[in-house]
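**Student:** Following the hints, put chain S in place on chain W, whose structure we already have.
Quick mapping for you: the protein sequence lines, in order, are chains W and S. Numbering (my numbering) for the first sequence: 268 to 660. Numbering (my numbering) for the second sequence: 268 to 660.
Heads up, a few of these hints could be off.
All copies of an identical chain are treated as equivalent in the list; a pair is satisfied when it fits inside any one copy or across any two copies.
To be verified - Here are the simulated lysine to any residue pairs, SDA-like style, with alpha carbons at most 25 Å apart:
#  : residue 1 : residue 2
1  : Lys447    : Arg617
2  : Lys524    : Gln308
3  : Lys447    : Ala287
4  : Lys447    : Thr408
5  : Lys463    : Glu428
6  : Lys531    : Gly337
7  : Lys463    : Pro384
8  : Lys490    : Ala466
9  : Lys490    : Gly504
10 : Lys571    : Pro340
11 : Lys494    : Met268
12 : Lys544    : Gly504
13 : Lys463    : Val389
14 : Lys524    : Asp312
15 : Lys544    : Gln655
16 : Lys490    : Arg269
17 : Lys490    : Arg536
18 : Lys576    : Glu458
19 : Lys298    : Phe399
20 : Lys490    : Met268
21 : Lys298    : Asn513
22 : Lys447    : Arg570
23 : Lys490    : Gly367
24 : Lys490    : Ser270
25 : Lys447    : Gln535
It is worth saying that the hints were derived from the structure and are not from the lab.
Number of protein chains: 2
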Amino acid sequence: MRSVAVVGAGQSKFGRRNDARLDELAWESVKQAMDDAGIVQNDIDSFVVSTVGGWSAELLPAVFVGEYCGLEPKPTMRVEAACASGSAAIYQAYSSIASGLADVVAVVGVEKMTESPTSVAVELIGRAGNYFWEFENFGMTFPGYYALYATAYLSKYGATEKDLAEIAIKNHYYGSMNPKAQFQKKVNLDEVMSSKYVAWPLKLLDCSPITDGSAAVILASEKMARKLTKDPIWIRGIGAASGTANMSLREDFVGLKAARLAAKSAYQRAGFDGDPKKLDLAEVHDCFTIAELLAYEDLGFSRKGGGFKMAREGQTYKGGVLPVNLSGGLKAKGHPIGATGVSMVGEVTRQLKSQIKGDRQADIRNGWGLVHNIGGTGHYAYVTLLSQDKGGQ
Amino acid sequence: MRSVAVVGAGQSKFGRRNDARLDELAWESVKQAMDDAGIVQNDIDSFVVSTVGGWSAELLPAVFVGEYCGLEPKPTMRVEAACASGSAAIYQAYSSIASGLADVVAVVGVEKMTESPTSVAVELIGRAGNYFWEFENFGMTFPGYYALYATAYLSKYGATEKDLAEIAIKNHYYGSMNPKAQFQKKVNLDEVMSSKYVAWPLKLLDCSPITDGSAAVILASEKMARKLTKDPIWIRGIGAASGTANMSLREDFVGLKAARLAAKSAYQRAGFDGDPKKLDLAEVHDCFTIAELLAYEDLGFSRKGGGFKMAREGQTYKGGVLPVNLSGGLKAKGHPIGATGVSMVGEVTRQLKSQIKGDRQADIRNGWGLVHNIGGTGHYAYVTLLSQDKGGQ
Numbered sequence: 268m269r270s271v272a273v274v275g276a277g278q279s280k281f282g283r284r285n286d287a288r289l290d291e292l293a294w295e296s297v298k299q300a301m302d303d304a305g306i307v308q309n310d311i312d313s314f315v316v317s318t319v320g321g322w323s324a325e326l327l328p329a330v331f332v333g334e335y336c337g338l339e340p341k342p343t344m345r346v347e348a349a350c351a352s353g354s355a356a357i358y359q360a361y362s363s364i365a366s367g368l369a370d371v372v373a374v375v376g377v378e379k380m381t382e383s384p385t386s387v388a389v390e391l392i393g394r395a396g397n398y399f400w401e402f403e404n405f406g407m408t409f410p411g412y413y414a415l416y417a418t419a420y421l422s423k424y425g426a427t428e429k430d431l432a433e434i435a436i437k438n439h440y441y442g443s444m445n446p447k448a449q450f451q452k453k454v455n456l457d458e459v460m461s462s463k464y465v466a467w468p469l470k471l472l473d474c475s476p477i478t479d480g481s482a483a484v485i486l487a488s489e490k491m492a493r494k495l496t497k498d499p500i501w502i503r504g505i506g507a508a509s510g511t512a513n514m515s516l517r518e519d520f521v522g523l524k525a526a527r528l529a530a531k532s533a534y535q536r537a538g539f540d541g542d543p544k545k546l547d548l549a550e551v552h553d554c555f556t557i558a559e560l561l562a563y564e565d566l567g568f569s570r571k572g573g574g575f576k577m578a579r580e581g582q583t584y585k586g587g588v589l590p591v592n593l594s595g596g597l598k599a600k601g602h603p604i605g606a607t608g609v610s611m612v613g614e615v616t617r618q619l620k621s622q623i624k625g626d627r628q629a630d631i632r633n634g635w636g637l638v639h640n641i642g643g644t645g646h647y648a649y650v651t652l653l654s655q656d657k658g659g660q
Numbered sequence: 268m269r270s271v272a273v274v275g276a277g278q279s280k281f282g283r284r285n286d287a288r289l290d291e292l293a294w295e296s297v298k299q300a301m302d303d304a305g306i307v308q309n310d311i312d313s314f315v316v317s318t319v320g321g322w323s324a325e326l327l328p329a330v331f332v333g334e335y336c337g338l339e340p341k342p343t344m345r346v347e348a349a350c351a352s353g354s355a356a357i358y359q360a361y362s363s364i365a366s367g368l369a370d371v372v373a374v375v376g377v378e379k380m381t382e383s384p385t386s387v388a389v390e391l392i393g394r395a396g397n398y399f400w401e402f403e404n405f406g407m408t409f410p411g412y413y414a415l416y417a418t419a420y421l422s423k424y425g426a427t428e429k430d431l432a433e434i435a436i437k438n439h440y441y442g443s444m445n446p447k448a449q450f451q452k453k454v455n456l457d458e459v460m461s462s463k464y465v466a467w468p469l470k471l472l473d474c475s476p477i478t479d480g481s482a483a484v485i486l487a488s489e490k491m492a493r494k495l496t497k498d499p500i501w502i503r504g505i506g507a508a509s510g511t512a513n514m515s516l517r518e519d520f521v522g523l524k525a526a527r528l529a530a531k532s533a534y535q536r537a538g539f540d541g542d543p544k545k546l547d548l549a550e551v552h553d554c555f556t557i558a559e560l561l562a563y564e565d566l567g568f569s570r571k572g573g574g575f576k577m578a579r580e581g582q583t584y585k586g587g588v589l590p591v592n593l594s595g596g597l598k599a600k601g602h603p604i605g606a607t608g609v610s611m612v613g614e615v616t617r618q619l620k621s622q623i624k625g626d627r628q629a630d631i632r633n634g635w636g637l638v639h640n641i642g643g644t645g646h647y648a649y650v651t652l653l654s655q656d657k658g659g660q
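Here chain W stands alone, though its shape is the one from the complex:
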């Protein structure tokens, strides 16, 4: 299998982007990623578009984006795995290059969620489970799904709403330093704890927002990566797994089995022993604060039931065991669902290259980083390990 590197990354400003159409929004990232890689459209063999859609009237987002970005007539497809679509698209690009079918592939994640009225967006996201049994018959909403996990977790392990709040506070703290984040402001414990309940015990400030945005990365074969850059960031392994559509079929509500399986597979493929101290940073899927907490345990950063203590002790700030979501996470950076996974890989790439301005740049010691990207409530899980050049491929 051929080695694959990230050789370029770009991201648009996240937030309410009434100033740009879907294709224009995509171009902001594609242009940055091509410039970062030092390439033009002609150097790209194919492109993969990650978008969940449903908010927009465009039925064929991949070709719509491709035409505007000057990528037509290159081969393309759209990939969807709910909020993990970005990672799934990267998996598709990665396997194309690893197989030898392509040398340079662009991955473009883009979502314009505010094209729908908020009530429609909330309904669409609410369908991210088993529509008939859960949404239609029992009125489940997306925050409601994660609230099930939060109540089970808090009850079983004695964690508190304040522990969840600590995750929001941390992610807003780092988001305040990220000029591309949707929310560039800190929040304090009082603000989180007094924000209104969305689905008990999750409050407004436990939830990631509805976001417009795009992200792009350029992946390349080893030969092309060596030509293009002195500091390729290698994809050392991608693991994936799926969960049941029906929540009623889940084994428990204190962790996501799909995430554990995806991590196991990624660690195996990357030859990574799972020791969080060997990672310099992780971007994890904090669509809700509880989701980040579950991630600590599903990824093996802490023992089962111990994740909330990491949050309580501030162990996922810089200087702790492992800095998590130095981008601000989905919580503060924003969550344009098809773009999220691509943005996470772009962030870890730039972090490993020490390209981040200001205090949210991680200390790079071992040169390894991790991306954890979940679709639905553990319906899809993708875990990706990236590393610097050292130690070779």
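**Tutor:** Relative to the frame of chain W, chain S by itself:
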């Protein structure tokens, strides 16, 4: 790059399938494909789901299908490339195996179009171009797009509506022998010519129908294929390309550039010289009769402007230069859009193994077959070459 074979194929009855939900419909094909390959779910490493969706309320079709088919917790994603989604999903599975990331991958194409009222389905399909400029501002419909091509072609080359009708007659003739086809009845010239105009010069019997259905194939690495079957059908090459979203940017309306590029790439990858006489059969994308005619030329079966003579002379019946759409094609077999490409590859596989009952079985001489699958009006194009074992890999 590792060799990849089709080791199992299945297809549901196509038509109006009010008797089955989306997941149940998918299972009909998955079960057949697994039985055909002699495997069970545990033997499958990952699965890819091809569905365009929009008709159904289910937001996460891949996990919904995966749970019902017993494929959870295996890695999955949904792939979409409009009506070429099935081929794009096969491309994704193919690259996973070719790279060494997986050994056995299931590809499931499924679509339940009749869940929407026909008027909604027609609107959704009508958006398969550039929504704002073409659908919203100029009222283009999907038959309208292909009618542009038909008028340009008939006008430039002197072909007639009767030549288009010959394609419908042929495909209904073969569809009449396919127990899984939506329309199992022959049509004659009078019936086609007197059917009502949908978008001049295309009449009702020039158009493929709205269809529910599923298809599945199991792909395997060479090592696994050798274990599982004595007659693997090898994927010798897949080529793909995209077209402009805006029709106004097309170079001409007498062929699909994306199809020509996809064919060129597939032929190159497969080491195929393009001589149609070396193929035993082809399944081509006849969403409208004009589309099959353009395919003859885009694939090099005839010279530019000569395709209609192949139809007029019956050269794409068995016994002619190259039998095309012995399944009945999209026209008679039906066109459940996400399932179509998967069904085409399954059909060519079964044909190359001489497993078809009755007179629609091709004469297998060279052991090669071709699949041509188009998304939108040449917005996406995928061409796949398959062959028997002989000549080796």
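**Student:** Take the hints in turn and mark each one as holding or not.
**Tutor:** For each hint, the structure was consulted:
1. In this assembly of identical chains, lysine 447 and arginine 617 lie within 25 Å of each other by CA distance solely inside one copy; the values are 14 Å within and 53 Å between copies.
2. In this homomeric assembly, lysine 524 and glutamine 308 come within 25 Å of each other (Cα to Cα) only across copies, at 18 Å, whereas the closest approach inside a single copy is 40 Å.
3. Proximity of lysine 447 to alanine 287 under the C-alpha cut-off of 25 Å is restricted to the intra-copy arrangement: shortest distance 15 Å within a copy versus 46 Å between copies.
4. Within a single copy, lysine 447 and threonine 408 get their C-alpha atoms no closer than 28 Å, and across copies no closer than 39 Å, so neither meets the 25 Å cut-off.
5. Proximity of lysine 463 and glutamate 428 under a CA criterion of 25 Å is satisfied intra-copy only: 13 Å inside one chain copy versus 66 Å between copies.
6. Taking CA atoms no more than 25 Å apart as the test, lysine 531 paired with glycine 337 passes between copies only; the shortest distance there is 21 Å, against 39 Å inside one copy.
7. For the homomeric pair lysine 463 and proline 384, the shortest alpha-carbon distance inside one copy (21 Å) is at most 25 Å, but the shortest distance between copies (40 Å) is not.
8. For the identical chains of this complex, lysine 490 and alanine 466 are neighbours neither inside a copy (50 Å) nor across copies (51 Å), given an alpha-carbon limit of 25 Å.
9. Taking the shortest alpha-carbon separations for lysine 490 and glycine 504, both the intra-copy value of 18 Å and the inter-copy value of 23 Å come in at or below 25 Å.
10. In the homo-oligomer, the alpha carbons of lysine 571 and proline 340 lie at most 25 Å apart only across protomers (21 Å), although the nearest pairing inside one protomer, at 49 Å, exceeds that limit.
11. Taking the shortest Cα distances, lysine 494 and methionine 268 sit within 25 Å of each other both inside one copy (19 Å) and across copies (22 Å).
12. Only within a single protomer do lysine 544 and glycine 504 lie at most 25 Å apart by alpha-carbon distance; the minimum there is 18 Å, versus 44 Å between protomers.
13. In this assembly of identical chains, the alpha carbons of lysine 463 and valine 389 lie at most 25 Å apart only when taken from the same copy (17 Å versus 43 Å across copies).
14. Proximity of lysine 524 and aspartate 312 under a CA criterion of 25 Å is satisfied inter-copy only: 17 Å between copies versus 36 Å inside one chain copy.
15. Taking identical chains as interchangeable, the C-alpha atoms of lysine 544 and glutamine 655 lie at most 25 Å apart only when both belong to the same chain, with a minimum of 16 Å there against 52 Å between chains.
16. For the homomeric pair lysine 490 and arginine 269, the shortest alpha-carbon distances inside one copy (10 Å) and between copies (19 Å) are both at most 25 Å.
17. With identical chains, the CA atoms of lysine 490 and arginine 536 are at most 25 Å apart both within one copy (21 Å) and between copies (20 Å).
18. In this assembly of identical chains, lysine 576 and glutamate 458 lie within 25 Å of each other by CA distance solely inside one copy; the values are 21 Å within and 75 Å between copies.
19. Taking identical chains as interchangeable, the C-alpha atoms of lysine 298 and phenylalanine 399 lie at most 25 Å apart only when they sit on different chains, with a minimum of 24 Å there against 41 Å within one chain.
20. Both within a single protomer and between protomers do lysine 490 and methionine 268 lie at most 25 Å apart by alpha-carbon distance, with minima of 13 Å and 16 Å respectively.
21. For the identical chains of this complex, lysine 298 and asparagine 513 are inter-copy neighbours only, at 21 Å across copies versus 40 Å inside a copy, given an alpha-carbon limit of 25 Å.
22. In this assembly of identical chains, lysine 447 and arginine 570 lie within 25 Å of each other by CA distance neither inside one copy nor across copies; the values are 33 Å within and 53 Å between.
23. Taking the shortest alpha-carbon separations for lysine 490 and glycine 367, both the intra-copy value of 11 Å and the inter-copy value of 19 Å come in at or below 25 Å.
24. For the identical chains of this complex, lysine 490 and serine 270 are neighbours both inside a copy (9 Å) and across copies (22 Å), given an alpha-carbon limit of 25 Å.
25. Taking CA atoms no more than 25 Å apart as the test, lysine 447 paired with glutamine 535 passes in neither setting, with 34 Å inside one copy and 43 Å between copies.
Of the numbered hints given earlier, the model fails hints 4, 8, 22, 25; all others are met.
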